[in-house]
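Starting from the known structure of chain A, fit chain B onto it as the hints suggest.
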Amino acid sequence: MFDNGDANTGNDRTLTFLNVSNLVTTDNLPNGFGPDPDGTADPDHFKIEIDDTGKGGGTIAAAEVTLEVLKPAADGSLAAFNPPRRLQAECRRVSGATGGTENKYRSRYLRLVTDSVDQAANADQCLLTDWDSTEPAIEILDQVVRVTYVASTGATLTAEADVGDRADQRRIKLALHVVRQNTGVAGSGPVTTAQATTRVHSWYRRLYAQAGAAPRLVAAADEVDPPRNLIVVSDNSGDNATGNADNWMRFFIRGVAGIQYRVVAGDTLSRIAQRHEVASWQTIYQHPRNAGFRANRPDPNRIYVGDDLFIPAAGGRVAVVYYPAAGDTPMTTAQALAQRVQTAGLDAQAFQNAARPGDPRGSADLLVRQADGSLVTLEDETSRDTTQDLRIALVTATDFLVSSHNAAGGFATHNIGTAEQRALVRNYRSANDHVECFVVDTVRYDDLSTYIRGRSVIPMMFRPAAERPVLPLLRSTYMAGNTMDGSNNNPFTFPHESGHCIMDVYHAGNNRQLMRSGTSGANAVNASKRIYDSNVAFAGMGGASPLNQVTRLRASGAAVLENW
Amino acid sequence: MQPNDHLPLGDEVARPLVLEYLHGDAYTVPVMPKLVRPGFLVELLGELDAKAEPQTLWRAAELVGYYHLPAALPPFLARLDDTPRDSDCLSRATAIVTMAAWAGDDATRALARDAFDQLLLRHPSAVEMLSLLLQPWTALGPALATGSLRRFAERQRDIREAQKGSSEQARIAAQRVRRFVENDLPRAEAAMALRREIAGLEPEVQRQRILRIYTGLDRAYTSYLQRWSTYWLLDYSRAGQAQRLRLARDLQRQLDGIDAEPGLDKDGRRFFETRALRAIELFNPKQLTPDQQTLLDEALERGQDDPISIVQPG
Chain A
1 MFDNGDANTG NDRTLTFLNV SNLVTTDNLP NGFGPDPDGT ADPDHFKIEI
51 DDTGKGGGTI AAAEVTLEVL KPAADGSLAA FNPPRRLQAE CRRVSGATGG
101 TENKYRSRYL RLVTDSVDQA ANADQCLLTD WDSTEPAIEI LDQVVRVTYV
151 ASTGATLTAE ADVGDRADQR RIKLALHVVR QNTGVAGSGP VTTAQATTRV
201 HSWYRRLYAQ AGAAPRLVAA ADEVDPPRNL IVVSDNSGDN ATGNADNWMR
251 FFIRGVAGIQ YRVVAGDTLS RIAQRHEVAS WQTIYQHPRN AGFRANRPDP
301 NRIYVGDDLF IPAAGGRVAV VYYPAAGDTP MTTAQALAQR VQTAGLDAQA
351 FQNAARPGDP RGSADLLVRQ ADGSLVTLED ETSRDTTQDL RIALVTATDF
401 LVSSHNAAGG FATHNIGTAE QRALVRNYRS ANDHVECFVV DTVRYDDLST
451 YIRGRSVIPM MFRPAAERPV LPLLRSTYMA GNTMDGSNNN PFTFPHESGH
501 CIMDVYHAGN NRQLMRSGTS GANAVNASKR IYDSNVAFAG MGGASPLNQV
551 TRLRASGAAV LENW
Chain B
1 MQPNDHLPLG DEVARPLVLE YLHGDAYTVP VMPKLVRPGF LVELLGELDA
51 KAEPQTLWRA AELVGYYHLP AALPPFLARL DDTPRDSDCL SRATAIVTMA
101 AWAGDDATRA LARDAFDQLL LRHPSAVEML SLLLQPWTAL GPALATGSLR
151 RFAERQRDIR EAQKGSSEQA RIAAQRVRRF VENDLPRAEA AMALRREIAG
201 LEPEVQRQRI LRIYTGLDRA YTSYLQRWST YWLLDYSRAG QAQRLRLARD
251 LQRQLDGIDA EPGLDKDGRR FFETRALRAI ELFNPKQLTP DQQTLLDEAL
301 ERGQDDPISI VQPG
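These protein sequences, in sequence, are chains A and B. Each residue of the first sequence is one higher than the one before, counting from 1 in this note's numbering. Each residue of the second sequence is one higher than the one before, counting from 1 in this note's numbering.
If we strip away everything but chain A, and leave its shape as in the complex, we get (with noise of 0.2 Å):
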């Protein structure tokens, strides 16, 4: 049988599952045989026990006593992997027998690890329980321990224990997108969807498996266009419009006809047409669809506030202008600017941003797609207004901007992200009851300080409402290829941007976490990969800290969890 604690105080307990180990694999891991109370400390920790009678001596060699890792098989039997994840186990008698425990044989202290450099550490005393990239929908956390040996009468006794508590395992719910370099260009992302797939499933899966998680997409992983189809009004202020003289602004929709327009004070036919950049005026008045304007404005040099006119697309592009008047709010503009959008017969939805923390208020989004919900590209877009600009968020995979916490007051664009961030997630986020990930070429802050590996939203609910992030970027992360490809470098980075979104954490102090401030780049004993289910230090967490992370996840990251 398998079990944790002292045979001869009679504080054994008996274990029916097996917990993965979440501490670094040469420390704290008694290699001798008698009881220790660094050995009994750890609930992760096991060993394996006989009783046989007839056995005699005080050894049963490590040849006879055989640890099995199984997965379970289509027909609900136990597997073998290929090559088989075992490990022997040597077992020596109880001394200071007690309580019957004369014929009792025990093992090392043993551990449970998921990948092969941790097992390798001390491969006498940790048995693997990994993933199987020939069968990847087998998760660690059903996998099953199974121990064999021979007894002196020649039956062979086995018992076993699951990986895992099976009645308190958690999944967390993903989805994958990978950017394209180039629009409509299937394989352009910076790496395949089967990479990023596989990433999940293994290294994911080796870190969660610490806390009982595992991963799970809520749909396959896809690539997704880089989206420009969203202009953001006001975005580095929150300002009003000041309606200053000839304020106008202005852009541009590739691949529609054209569009509707309003005659405002101070307008021309010839002003018009320049403002949209058609070549001259009577494109705009002889236009057919024109044809009632003219009826009733036969002098095109007497046309009024308020007319409607058709402009017609100009070099394949068609200009949206608009003035806006002063104290419109960034909404205000937008939701004006939506109205006219849809004029050209496209979805236009206008978005009210939070304000960012400094700013008087908001800006607003505007998201403009097909009726059909593609995608259109915006371009060129102006403002003559001195305090509302315009901004489309240009979102391409490399250098992907993301809101950066070194800016000055810390948290400046956190809770807005970057315009491209939110391009991508009112594009492409279905709903919030999962972590989205985006994987990108490379990740830039948006104050062009630096490159980074991965980037997070995090619901800081043990900060101010005004420095929380809002729907729908909560929980989202945006990942460099090289975090997300092929190789296994990088290994903990997009575990680590996720471990922000569902425990809701800053940086843990200790280099070995999973929360660590930059994950170590490449899997060793002593990286950044554990998941303690004790007590950790982290920054900026006032009295939230030290906290249980393994606790931690299951209450703050409630919303994107579901049982097993």
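Take these hints with a grain of salt, some might be off.
Said to hold, decoys possible - Here are some of the chain A residues that sit facing chain B, going by a computed Cβ distance under 7 Å:
1) N182
2) G184
3) S188
4) D308
5) R361
6) S374
7) V376
8) T377
9) E379
10) T382
Don't read these hints as lab results, they were simulated from the structure. Please read all numbers here as calculations on a predicted model, not as lab measurements. For glycine and all other residues, C-beta sits at the position ideal for the given N, C-alpha and C.
Chain B alone, transformed into the frame defined by chain A:
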């Protein structure tokens, strides 16, 4: 100062520290500038693999700027043609601009400008760096006033326009330059003109105008002017207690007259009050009434501090 602050680290001690910083996970510069022999850093940076990870190259770039190592520039520039990835190029551009910002002599700034020009010519996505030129902390900022930046940017726009049919990346690069030339640059130039106009005003009027920019009553070209106004106020306040009291009184006068401000909505008013009270708290905290102190505390509690918070003068 620590007792041994002035003593340089031996190269053998510095090497692992610097390499750990370049290739590892630490987020802060690990050693103080005076502790590493600059020549040794130049050697180390020269050894970097051109295909190193972007993060590593950026960190190298940061060292170039942080340690002010113009001698490290040539090896970076020499590798431009070997650089397959634009992100690497941008790392170097950052280094160059950073160094220019920190440099104290015209020759280095000139070298930086030339290097930057070369970068933009060779690497389309380096146009992202154009926006850095508008930041008030770069030493290239004066180029705005002379118009040389506009000439430079317009040339870049023409180049990008010619290239934009070649690839999606080139189209986006062209978009960025166009945005810079057509949208960002005019705003920055207008902001500079406003600064010049304010600089020519009578001192009393000038101070009132700058205070209005700081508090957000005047928000024209805010993103270009508000940080400037903050530093102006700090400089002014450092002149003495009389100046600090004057600023606090001016701010109180603005607070008293807030109802007469046209077009100030609820959000704008709350923003103004927070900033004005925050500044009064700094310049003359005794002037705050209990009600004002409560208002300020509540605003800060909501996380509505300004992003360019005033720092303690002196």
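* Violated hints - listed by number, lowest first -> 2, 3, 4, 6, 7 and 8
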